[in-house]
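If you're matching positions, the sequence shown starts at 1 in the UniProt record's numbering and goes up one per residue.
Take these hints with a grain of salt, some might be off.
[As the list claims (entries may be wrong)] Derived DSSO-like pairs (lysine-lysine); straight-line CA-CA distance at most 27 Å: (1) 132 with 259; (2) 132 with 272; (3) 5 with 18; (4) 210 with 272.
Hints are computed from structural coordinates only; laboratory data are not their basis.
It should be emphasised that the depicted structure is a prediction, and the values quoted were computed from it without experimental measurement.
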Amino acid sequence: MSSNKVYVVGVGMTKFEKPGARDWDYPDMAREAGTKALEDAGLDYREIQQAYVGYVYGESTAGQRAVYELGMTGLPVVNVNNNCSTGSTALYLATQAIRGGLAECTLALGFEKMQPGSLGSTYDDREQPMMKHLLALAELQEFAMPPAPYMFGAAGKEHQERYGTTNEQFAKVGVKNHRHSVNNPYAQFQDVYTLEEVLASRQVYGPLTKLQCSPTSDGSGAVILASEAFVDQHGLGDQAVEIVGQSMVTDMQSTFDDKSAQSLVGKEMTRKAARDVYEQAGIGPDDIDVIELHDCFSANELLTYEALGLCGEGEAGKLIDNDDTTYGGRWVVNPSGGLISKGHPLGATGLAQCSELTWQLRGTADARQVESAAGSNGVALQHNIGLGGAVVVTAYKKP
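Using the sequences and the accompanying hints, generate a full structural model.
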């Protein structure tokens with residue numbers, strides 16, 4: 001990594017909504033999130049030098065149409081699509097531009113306008129990007145539809161077979177994240193469920209029930225990044241949060257050679273990205289106060305505990321049983337409610353995670369506040385993954 005420092009200076013997001021619940025289109029979402037981020041930073045759009053705009057479902061150059069709601073200054077706009085890690089990929093690119101000395105102030109914006117129900121393919125006349133993964137998984141566990149819950153549910157079943165993880169331990173992730181979302185005005189759901197209710201909801205695949213699965217969602221998130229010189233020139237030091245480590249990893253040959261459902265859904269990608277970030281930032285899991293991770297399904301949250309090094313292999317169930325990942329525990333994981341309860345508009349998810357962690361480190365997360373994160377040594381970690389595949393892990397500190 002270059003020595004140039006990168007800071008988050010403005011964040012904003014919309015409330016995440018059930019598709020069709022609100023009369024809006026993606027330009028409206030982008031305008032709302034982008035305007036909030038600009039106001040948070042106290043900046044004019046003309047000061048943004050590059051924009052990276054993420055979405056999964058949409059026509060070419062929808063990124064331009066989205067940010068034209070904020071202004072039309074001729075700045076470079078790059079459209080980004082990386083499945084469920086699209087938002088954090090936009091963040092990664094916007095960070096690289098500053099770290100590499102190519103820009104002083106950049107915007108990462110993401111949005112999604114989704115169809116109700118399970119995710120489907122758009123183009124059926126060509127190879128599906130996930131086909132290689134699905135064929136490999138079908139050799140390990142009987143194929144089922146829809147693909148996403150099948151893949152993560154299969155990884156959960158494998159974890160149960162190897163380590164004795166229980167249905168109740170997976171369900172406790174859903175209980176926790178729904179409980180956390182009660183205090184998040186941006187969350188799609190704000191309902192509390194008992195363990196019995198989560199377990200009794202409709203079975204989807206393997207240990208997964210409906211209340212352990214993220215919904216389809218509409219919404220947008222935006223993050224403004226700046227260099228150290230820009231922060232100093234604009235007097236943004238009091239609100240700036242530094243990105244102290246960041247890594248993006250795609251599938252390795254081990255994804256397929258491991259003959260493991262867990263590897264096929266990205267566990268080893270996450271493990272490598274986390275190690276990269278810990279080395280860059282000079283931190284370890286015990287230094288972290290708050291984490292936003294990609295709980296598209298409860299199984300993935302437990303797998304990610306292990307991949308991030310929060311516990312040893314096969315020990316994730318103990319963390320959730322011991323309340324180690326909620327308020328009063330060793331870390332607070334997904335104080336926002338996570339994807340399961342906050343919602344998952346694919347292009348916006350990674351930027352909503354960044355927004356939540358920025359508020360946590362600033363001490364402005366209201367009833368969701370993790371007290372230790374607001375201290376002078378607060379450290380936050382973000383994990384966002386998309387199958388097919390890419391993972392982005394980012395570490396944040398107060399400067």
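Going through the hints against the structure:
1. As the CA atoms of residue 132 and residue 259 are separated by approximately 13 Å, the hinted pair is consistent with the 27 Å bound.
2. Between residue 132 and residue 272 the alpha-carbon distance is near 21 Å, which keeps this suggested pair within the 27 Å criterion.
3. Distance hint between residue 5 and residue 18 is unfulfilled; the C-alpha atoms sit about 38 Å from each other, more than 27 Å.
4. Distance restraint check for residue 210 and residue 272: the Cα-Cα separation of roughly 30 Å exceeds the 27 Å cut-off, and the hinted pair is therefore not satisfied.
Checked against the numbered hints listed earlier, the structure breaks hints 3, 4; every other hint is satisfied.
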